[in-house]
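Asks: In the order they appear, the protein sequences are chains R and X.
Heads up: the first sequence is residues 74 to 528, going by my numbering.
Heads up: the second sequence is residues 74 to 528, going by my numbering.
There's no promise every hint is true.
It does not matter which identical chain is meant; a pair holds if it fits inside one copy or across any two.
Claimed, not checked - Dumping the calculated DSSO-like pairs for lysine-lysine here, alpha-carbon to alpha-carbon at most 30 Å:
#, residue 1, residue 2
1, Lys272, Lys143
2, Lys516, Lys272
3, Lys222, Lys92
4, Lys458, Lys92
5, Lys267, Lys230
It is worth saying that the hints were derived from the structure and are not from the lab.
In case you want the letters, here they are:
Protein chains: 2
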Amino acid sequence: MEIIKPRTLSGFMELLPEKQVYFEKMMATLREIYSLYGFYPLDTPQIEASEILLAKGGGETEKQIYRFTKGDTDLSLRFDLTVPLAKYVALHYGQLTFPFRRYQIGKVYRGERAQRGRFREFYQADIDIIGDGNLDIINEAEIPGIIYKTFSALGLKRFVIRINNRKVLNGFFRLAGVGEMAGDVMRTVDKLEKIGTDKVRSLLVEELGVAAENADRILDLITCRDRGTDPLDALKQYQGMDPVLDEGITELAVVSQYLEQFGVPQDHFMIDLTIARGLDYYTGTVYETTLLDHPEIGSICSGGRYDDLAGYYTDRKLPGVGISIGLTRLFSVLEDQNYLNPALTPSPADVLILPMTEDLGPAIAFATDLREAGVRAQLHCEKKKFKQKMAYADRLGVPYVVFLGEDEIRSGRVTVKDMGTGEQIQVSPAMAVAGILEKIKEKRTVPPIGEPAKD
Amino acid sequence: MEIIKPRTLSGFMELLPEKQVYFEKMMATLREIYSLYGFYPLDTPQIEASEILLAKGGGETEKQIYRFTKGDTDLSLRFDLTVPLAKYVALHYGQLTFPFRRYQIGKVYRGERAQRGRFREFYQADIDIIGDGNLDIINEAEIPGIIYKTFSALGLKRFVIRINNRKVLNGFFRLAGVGEMAGDVMRTVDKLEKIGTDKVRSLLVEELGVAAENADRILDLITCRDRGTDPLDALKQYQGMDPVLDEGITELAVVSQYLEQFGVPQDHFMIDLTIARGLDYYTGTVYETTLLDHPEIGSICSGGRYDDLAGYYTDRKLPGVGISIGLTRLFSVLEDQNYLNPALTPSPADVLILPMTEDLGPAIAFATDLREAGVRAQLHCEKKKFKQKMAYADRLGVPYVVFLGEDEIRSGRVTVKDMGTGEQIQVSPAMAVAGILEKIKEKRTVPPIGEPAKD
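Put together the whole structure using the sequences plus the hints.
Replies: In structure tokens, the structure reads:
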């Protein structure tokens with residue numbers, strides 16, 4: 074038989090088992106935290122009719138989308154989870170209860186040029202809260218609490234949630250005489266972190282034709298934090314001058330006001346007027362989350378408030394707020410930066426049982442006891458030498474090995490070896506189960522991410 | 074703006090939120106149980122190079138596969154989880170530890186004719202144990218224990234695990250003079266349940282040219298259970314006549330021998346010599362699992378032992394044993410047959426908090442306390458009438474509603490309403506958290522499946 078060389082497509086993440094354990098733990102943590110905030114789980118097809126996914130059309134999406142026909146149906150793989158959500162809410166509107174909260178963790182597809190850290194198939198983890206006609210600002214205020222709890226539960230400590238409000242920017246741009254081209258100005262100031270203040274000023278003045286004075290006013294305000302001024306204070310001087318700006322300022326204030334009650338420490342949050350988020354479709358609060366020690370990675374969790382989720386599919390006004398984590402990319406950069414927690418033992422079992430007798434009955438019964446108690450147990454009955462079996466336990470990183478030989482069976486005991494300390498004890502099966510269960514309980518709460526010690 | 078009618082492709086399951094809760098609980102249960110048996114989680118891309126997926130080629134696969142090009146790459150969506158596993162093990166062989174145990178729950182794609190109960194995108198949940206060169210029979214013996222524990226944890230009670238052994242069939246067919254066409258005979262007897270003994274006999278004699286006497290011998294043996302004879306007893310008369318048959322009998326005996334220790338009750342297991350499993354690639358024990366009350370559904374969990382997992386991708390001999398659940402189809406039939414457990418409340422939150430004051434601080438702080446304790450809490454701050462808010466709680470099926478008005482805030486208490494009993498109590502926030510946590514703990518252990526009471 075001719076052998077076909079096995080390969081995995083480039084741009085498609087495929088993890089080794091130990092790494093997959095970390096990834097699964099991250100997903101489990103997200104599911105758990107999102108559930109605590111009352112979000113439904115949701116799952117939608119990875120394939121949709123192309124006319125649905127491309128309703129908006131144009132631009133990068135159309136270039137990158139995986140599109141094909143099967144029979145005579147024009148199909149596409151979803152490129153995000155937002156468009157399928159819009160379709161879902163429009164399609165099932167009558168059967169949903171609003172505000173509708175859902176989380177979805179799933180793969181999406183973009184045929185980008187393959188390069189390190191860029192994926193063509195990747196997980197996104199999204200949460201959204203959708204209102205029917207209206208959605209209270211308190212939903213926007215809750216998001217930083219969710220972001221904080223999510224990343225804390227994952228094991229991250231040194232990160233900051235940065236927020237802004239599109240109404241503030243739009244209102245202020247109008248005041249600064251550039252209301253007509255607010256979108257272009259926004260996309261330009263969005264580059265501040267990348268290219269710096271001077272270059273953004275040049276772009277504003279030379280490319281967009283903004284008067285130098287107005288460009289200065291804009292940059293002055295949005296970079297006020299760099300000069301130690303609280304953005305809410307800096308905005309005070311403009312209060313009462315533009316209704317949209319006023320609304321934005323009030324919203325920013327509300328979101329800031331309840332941080333403590335939502336459990337967000339002050340040092341994990343800031344109002345940052347430079348954050349614009351490119352997408353046209355945001356209309357209120359916008360969010361970014363950055364690692365203090367790796368700002369170059371950019372935002373690891375972003376989103377915002379929007380007024381019209383599903384305008385392509387329904388006449389109903391469905392405003393919402395949502396955030397998204399690009400989980401595959403996040404995992405990839407965390408791995409690169411040594412953020413996978415070494416304290417998490419990525420072994421597939423807590424106990425490896427090595428029967429030493431012909432009759433496997435007692436060993437199997439003990440494995441069943443362990444599993445019944447919730448301990449992950451693997452039987453190793455291959456015809457191998459003892460040394461090979463211990464090497465197997467080592468390679469798997471199993472914390473406990475249990476031996477069951479004739480001695481043990483005769484005395485109704487098992488020998489438990491702690492692979493960490495090398496210590497070995499003989500106890501009754503029931504004692505062994507209880508003792509191991511007690512010790513592994515701590516291990517279960519170990520988060521998947523651990524920040525590397527700094528020099 | 075032109076509205077595009079939202080739709081979901083036929084053959085693609087998309088559940089309403091309440092149903093999705095059940096589906097998620099099923100997946101969570103599978104992950105938990107598979108982990109107890111020492112299986113690594115695994116995830117592989119949904120898209121592979123077509124040459125990889127179609128290495129075997131031919132038949133239904135090639136017709137049904139979703140295949141397309143992106144740039145100049147010939148791509149396909151995976152149609153099962155076995156071929157990607159074979160590729161994975163061959164590709165990463167040097168970095169894996171054998172026996173390699175993995176579970177994988179993921180979507181696969183088959184462009185079948187759409188009809189009720191047939192899906193083009195569906196979840197499979199697979200476990201496999203792969204050996205390097207050898208794999209002990211005890212791994213085959215462990216599978217019924219895993220199947221039993223999995224379905225019991227899901228909440229099923231009335232099911233039976235049926236096993237057979239391909240060596241028994243192959244050996245016996247040789248004895249019966251039809252060894253040359255063992256494959257054809259096997260595929261024919263596989264139809265026994267569907268078309269009955271008489272039609273199978275006709276097919277054997279008329280289509281395959283099996284001598285009538287031999288056809289009778291074959292049917293006599295494999296249907297022995299119908300006449301009250303234990304297959305292991307029936308096989309005794311053939312012992313010592315064919316080495317392959319002997320091996321098969323020994324293996325069947327080993328698998329039966331340890332059932333009790335593996336925790337499988339006798340009445341949930343049977344040796345059934347009529348089970349053949351169509352696939353050529355099984356070589357030892359084969360498994361099927363059927364619902365006692367719905368045999369028409371067919372097997373809900375099947376698999377078997379194979380000698381050569383990855384022959385298309387490597388020269389190494391990688392024998393294994395695995396089973397698969399077609400999760401989407403299983404869910405669909407269970408739903409149809411009223412097997413979704415009504416005792417599981419598919420609400421997205423345990424508590425809905427209704428603040429009754431302008432200042433939302435105390436309500437938000439209470440929500441944070443609940444979440445900190447692991448209680449799923451949702452704040453409802455929309456500008457709605459009280460009645461509408463209670464209707465929202467009802468529609469979500471939230472078991473507890475908490476009111477926080479001026480009275481409560483002044484006295485440092487919260488009012489908790491049990492939506493099941495209508496009972497309402499005022500207690501301290503800490504007492505409320507503890508009380509609710511205690512009550513919902515029971516609810517968490519409710520399995521997703523419940524068999525409907527029979528008349």
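Asks: When the hints from earlier in the document are held up against this structure, which numbers fail?
Replies: Violated hints: 1, 2; rest satisfied.
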